[in-house]
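Chemist: The whole structure should be built from the sequences, with the hints applied where relevant.
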Amino acid sequence: MSPVFSHGRLRLYLLKLLDESPRHGYDMIRLLEDRFMGLYAPSPGTIYPRLQRLEAEGLVTQSQEGGRKVYQITDAGREELARRRDELDDLEAEISGSVHGLAREIRDEVRGTVRDLKQELKQAAREVRRQQRHENRSRRDRHGDHHRWDWYGDEGLDVRLAEFLDRTSRAVRRVQLTEAQLRECAAILDEAFERIRQTLKDPDQRHRDQ
Amino acid sequence: MATWTLEGPDKLAFDRVERVLVRIVEGAVSVVGSDDQPVLEVSELEGTPLRVGHEGGALTIDYERPWRPSPLSWLTGRGRRHRAALSLAVPRDCRVELRVVSASVMVGGLHAPVLAKTVSGEITLAGLRGKVEAESVSGPVQASGVTGDLAARTVSGDLTVAEGGGGSVRARTVSGTVTLDLQASGERDIQLSSVSGDLTVRLPEASDLQVRLQSTSGQVASAFEGLEYERTPGRHSARGRLGHGGGRLRATSTSGHVALLRRAPEASL
Chain A
1320 MSPVFSHGRL RLYLLKLLDE SPRHGYDMIR LLEDRFMGLY APSPGTIYPR
1370 LQRLEAEGLV TQSQEGGRKV YQITDAGREE LARRRDELDD LEAEISGSVH
1420 GLAREIRDEV RGTVRDLKQE LKQAAREVRR QQRHENRSRR DRHGDHHRWD
1470 WYGDEGLDVR LAEFLDRTSR AVRRVQLTEA QLRECAAILD EAFERIRQTL
1520 KDPDQRHRDQ
Chain B
559 MATWTLEGPD KLAFDRVERV LVRIVEGAVS VVGSDDQPVL EVSELEGTPL
609 RVGHEGGALT IDYERPWRPS PLSWLTGRGR RHRAALSLAV PRDCRVELRV
659 VSASVMVGGL HAPVLAKTVS GEITLAGLRG KVEAESVSGP VQASGVTGDL
709 AARTVSGDLT VAEGGGGSVR ARTVSGTVTL DLQASGERDI QLSSVSGDLT
759 VRLPEASDLQ VRLQSTSGQV ASAFEGLEYE RTPGRHSARG RLGHGGGRLR
809 ATSTSGHVAL LRRAPEASL
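Respectively, the protein sequence lines represent chains A and B. If you want this note's numbering, it's the position in the first sequence, counting the first as 1, plus 1319. If you want this note's numbering, it's the position in the second sequence, counting the first as 1, plus 558.
To be clear, the hints were calculated from the coordinates, so they are not data collected in a lab. A hint or two may mislead.
To be verified - Taking CB as the label site, the calculated pair distances span: (1) A:ARG1445 with B:ASP593: 17 to 25 Å; (2) B:THR563 with A:VAL1491: 54 to 62 Å; (3) A:GLU1384 with B:THR561: 56 to 64 Å; (4) A:GLY1377 with B:ARG609: 52 to 60 Å; (5) B:PRO823 with A:ARG1492: 51 to 59 Å.
To be verified - Stretch-level coverage of chain B by chain A, calculated; a stretch enters the list once three of its residues show a Cβ under 8 Å from a Cβ in chain A: (6) 570-582; (7) 596-605; (8) 639-648; (9) 703-710.
Glycine included, C-beta positions come from ideal geometry on N, C-alpha and C.
Modeler: Written as structure tokens, this is what we have:
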């Protein structure tokens, strides 16, 4: 996870908060926020899995109270806390030592959060793109040969256009273009576009007639 | 006006600070909102002395002469260094303006407007409720818990917003990526643009936005249903309405991918 609470330090901190008294999850978020002078507030999505984990390991227990879960430390949890006392003291000293120390901790925390998020969303975006490609393909199959998707298909005209641009600009870069040549090239492009437009008109017309 | 000239690590306290302006070159600067007395900690200082001025609630930290990269510094040796690491604790409603060259910048826990500009340093924003403006050339801009309006511009630096709020976002980059994880809100305006960087936005299921995503040669994809896609050579776009469509989302890229993602409802405690 993120560097402030690397090596299970968030776990340790949660245990510390529960050692003081039994608490709701949201109380723990608020207390953590206070601890970091309002600069860092972990989301329920960060806290919840850790509490579950602690519960599974028998370090905390939970009970329902007025529709909300209340967490409580167990004897095993207290033992774990005692064993890692030094680590906890280090963490405390780092945070409260100076503005500089606090700022550094926060920066590391944000860095870690951001890195995780970037990775997660990159993966998710890739997945959504994959699905979209899949849908496009099946839509194209359903509509048969005359549908727009095929005429404008990504592997066909798109690639040719890119190649054309690339080849042309390379050829142009090699020579010093004169005014007359420039005008002539522009005219050729206009003509090519007009011819492409004419070609595209027909299948569309046919499609609408069907 | 009270002024100090610092030549090494030092610590100064002030009675009242409402505005902060910092102009340094390399090193680090952090500004943190706090309920205690305003404090400046200089933990590292190399080369040119730092000037601190305090007048009528305005705190200014900079060098006596504006720094300029000298084209002959390789000839004259190292020249004088301009390196400083400083941290400030200021009231939460203090306006902050930071202008640096390669220093890393951290601002957190404030309610007032923040402006941060760097060339190659990293900008970190945490827990800001006011308006934020961040600008960098090659450094990354990273934010967590920024809930006010955010405007960010980079050339090649990545912009990433984690645990973002419901404010408006305006982001422009050339080759950096833009990654946003935002909360729902009614009236808002999100405008993102890039030349080659990917644009990725994650929103909760219940979002009210008029959406328009567009890329010239990148792929446009959305996890929300009901958007209408258009694909022609040189234009891939998706548009439509989420919820009531109270706000606006526009994401436009030349060759980057554009993706709109949906966040699953958060686990309850």
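Chemist: If a hint holds in the structure, say so; if it doesn't, say that too.
Modeler: The hints, checked one at a time:
1. A:ARG1445 with B:ASP593: 17 to 25 Å: Violated - the Cβ-Cβ distance for A:ARG1445 and B:ASP593, about 44 Å, lies outside 17 to 25 Å.
2. B:THR563 with A:VAL1491: 54 to 62 Å: 59 Å, holds
3. A:GLU1384 with B:THR561: 56 to 64 Å: This hint holds: roughly 58 Å between Cβ atoms.
4. A:GLY1377 with B:ARG609: 52 to 60 Å: 59 Å, holds
5. B:PRO823 with A:ARG1492: 51 to 59 Å: Given a distance of about 54 Å, which is inside 51 to 59 Å, the answer is holds.
6. 570-582: Violated: only 0 residues of the segment 570-582 of chain B have a Cβ under 8 Å from chain A.
7. 596-605: holds (count 3)
8. 639-648: Answer holds; 4 residues pass the 8 Å Cβ test.
9. 703-710: Answer violated; 1 residues pass the 8 Å Cβ test.
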